[in-house]
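*Asks:* Chain by chain, the residues:
Protein chains: 2
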Amino acid sequence: MTDLNINIIEDGHIATPLGFHADGQHVGLKHKSKDLGWIISDVPASVAGVFTTNQIQAAPVQLTKYTIQSGQLQAIIVNSGNANAVTGPIGLQHAKEMQQVTADVLNLPTDLVAVASTGIIGQVLPIEKVTHGIHQLKATGNAPAFAQAIMTTDTLEKHVTISAEISGTTITMSGVAKGSGMLHPNMATMLAFITTDANINSDLLQKSLSDDVETSFNQITIDGDTSTNDTVLVMANGQANNPEILADTVAYAQFTQMLHYVTEYLAIHMAKDGEGATKLISVHTNGAKEMNDARMIAKKVVGSSLVKAAIFGKDPNWGRIIAAIGATSVIINPQNIDIKINNIAVLLASQPVSYDEQMLAQELEQDEITIDIDLHSGNAIGKAWGCDLTYEYVKINALYTT
Amino acid sequence: MTDLNINIIEDGHIATPLGFHADGQHVGLKHKSKDLGWIISDVPASVAGVFTTNQIQAAPVQLTKYTIQSGQLQAIIVNSGNANAVTGPIGLQHAKEMQQVTADVLNLPTDLVAVASTGIIGQVLPIEKVTHGIHQLKATGNAPAFAQAIMTTDTLEKHVTISAEISGTTITMSGVAKGSGMLHPNMATMLAFITTDANINSDLLQKSLSDDVETSFNQITIDGDTSTNDTVLVMANGQANNPEILADTVAYAQFTQMLHYVTEYLAIHMAKDGEGATKLISVHTNGAKEMNDARMIAKKVVGSSLVKAAIFGKDPNWGRIIAAIGATSVIINPQNIDIKINNIAVLLASQPVSYDEQMLAQELEQDEITIDIDLHSGNAIGKAWGCDLTYEYVKINALYTT
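Protein sequences, first through last, are from chains Y and X.
The C-terminal residue of the first sequence carries number 402 in the UniProt record's numbering, and the numbering is unbroken.
The C-terminal residue of the second sequence carries number 402 in the UniProt record's numbering, and the numbering is unbroken.
Hints listed in this document are in silico derivations from the structure and should not be mistaken for laboratory results.
You can take every hint at face value.
Straight line, CA to CA, 30 Å or less: simulated DSS-like cross-link-like pairs of lysine-lysine: (1) X/K65 / Y/K289; (2) Y/K395 / X/K395; (3) X/K395 / Y/K340.
Bound-form chain Y, shown alone (with noise of 0.2 Å):
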């Protein structure tokens, strides 16, 4: 892949990409906090999507999964506070409803128009509230404000806003995003979004994006369970005016990277900021035969309860470590496998070594664990993200009595 020179934004935010604008206010649906928002484009963009797998989807999953088909999208609407899902047809009218309301007050076709929602499953959407405050949020108005408009039990905003030239035009992107958490204290959602000025088509901009998920978003787990509403969408609207990118171009490698920088930061980032979690724990598994060999191995040790637990207790369990990587439908070589802890190695094919319990033990204090797995049996890489188990977890999920 071509190397790029990668700026970051500091003080970017998802309306930082030439002819987007975005808004996040307060309308009732959370006790005090921001609870609706939304991102405009000046002109139709091009819009890519992905959404939870599970086969519970809410009612807003369903209406953008459908909106979004054309291919072009040039505002969303976003509420925290209730995930309108579970809700049954009636849930469907308030989606749509709440698409409508927004497509009037931008003077849009109600296709341009996606919908997404987080927070408390189950129960019907308080769509009064919902529409009057779509009548309250400025076509230009607090853009930064949209970060804090989409957080459920999520302790800090996550978003990241990048430029690079390609082809000699700026190409700036931004990416905001809430975290797998629980509200009130119903499942709630990954939800992320993206916006660019780069000029790429939909069916190359979604191909982006569905290539790179397998790398960043599906590869971060904080309990294993899966939302009804995750949804990740990319608009981009094409006002930096560089020469459309193409399939199988530099340019096109070049917005692949600029894409996994944001996901990537997107997704460690919620990893972090996961339920109750003390520590980032990162897993990386080199040596593999394939790449869904390695990422499905980072993935299942990042998602080991004991692994978890270990971890917030900062007890070195590779133990726990190497019964993870063996629990898999991947072949390995139970004899030859390697495991470190924030590069101190622990085990060397497969044989318990002596270590530096000292330094270990300090490395265990840090807020961010990375354990490297070695396989030795082929090249592919994979990394996946999580977070510690923590008594916080157990309290947030269940000391609340309905």
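The hints should help you fit chain X onto chain Y, whose structure is shown.
*Replies:* Leaving out everything else, chain X in the frame of chain Y:
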């Protein structure tokens, strides 16, 4: 399946079936409690076994899988306190030494002696303590003590003994198990040993066990992690002198009923005694197309961290239950799912229903929570068992620093 009158022998133990003996002693692998035991048959018994599917397999698992290929077994030697897993070539030597010394002491050929271990992973077995301990075991010893000798973090002994009349002969069967828990605090193991005086050949015994585990031991989950040492062994020594049980007979159907009574009892009690558990969770799937589908969904729901935490929190969080149902590869009709919690309907045809909150709150105080799911797409049923996710689970698995 023919109806069978099964009698529970309250004061029974693993040596209650005719021609079996057992013992358990403390030999110093654990701090104080019993840590070595054996089961002996007066005559070579038909044997069947199932073992962990983890590719990382402890030395005793490798040895015992090989040993029972003969179809005959007369003794099982078991230690707790050390799993003899990921210990390299020396580990296999130690397992063979356990087998050899036991064979010498009992004057048996080594290939009639099985070995099992449970406890900490990756530490070399203190073989002298074990071999010295084997000489302390009595051929006709304290049989009930065997159940204690195999325990790790189990808080309760798990055993059951039953009898029933098959082809006019009283057949006795006994099972003992240790649960999936942590020790010191590496991954421990599920071990189960079943004895019966029934006359049945090893091929048919293996078939009955292999079929049975799909609906018993394979349907429990504590934390989704797979041990390196899981072992289930059944010995049938024919001392009841019943006519040989043959395939496709009423007698075989009755034998499988007895076997399932024992395996389901042990499985449920392992789930109930899971790491830090305060509640047994039973999930029953009804109306599936295939039994595999029903079992997969039941196991997914009972294994969901979100569902487990909600039950700990006494929260009837059906949003998490239906999200787990939708997250498997089983094709469902998202519009027509029923969910009941301790027989109180919370979701019908995928629509929330109003229920007596006080009554449900009382039910959620119970030690045993049953979730009934109806998929309305067939007649197949499946069950799975697990436990709630508690602070104590995190504590047991985290609050240990190497």
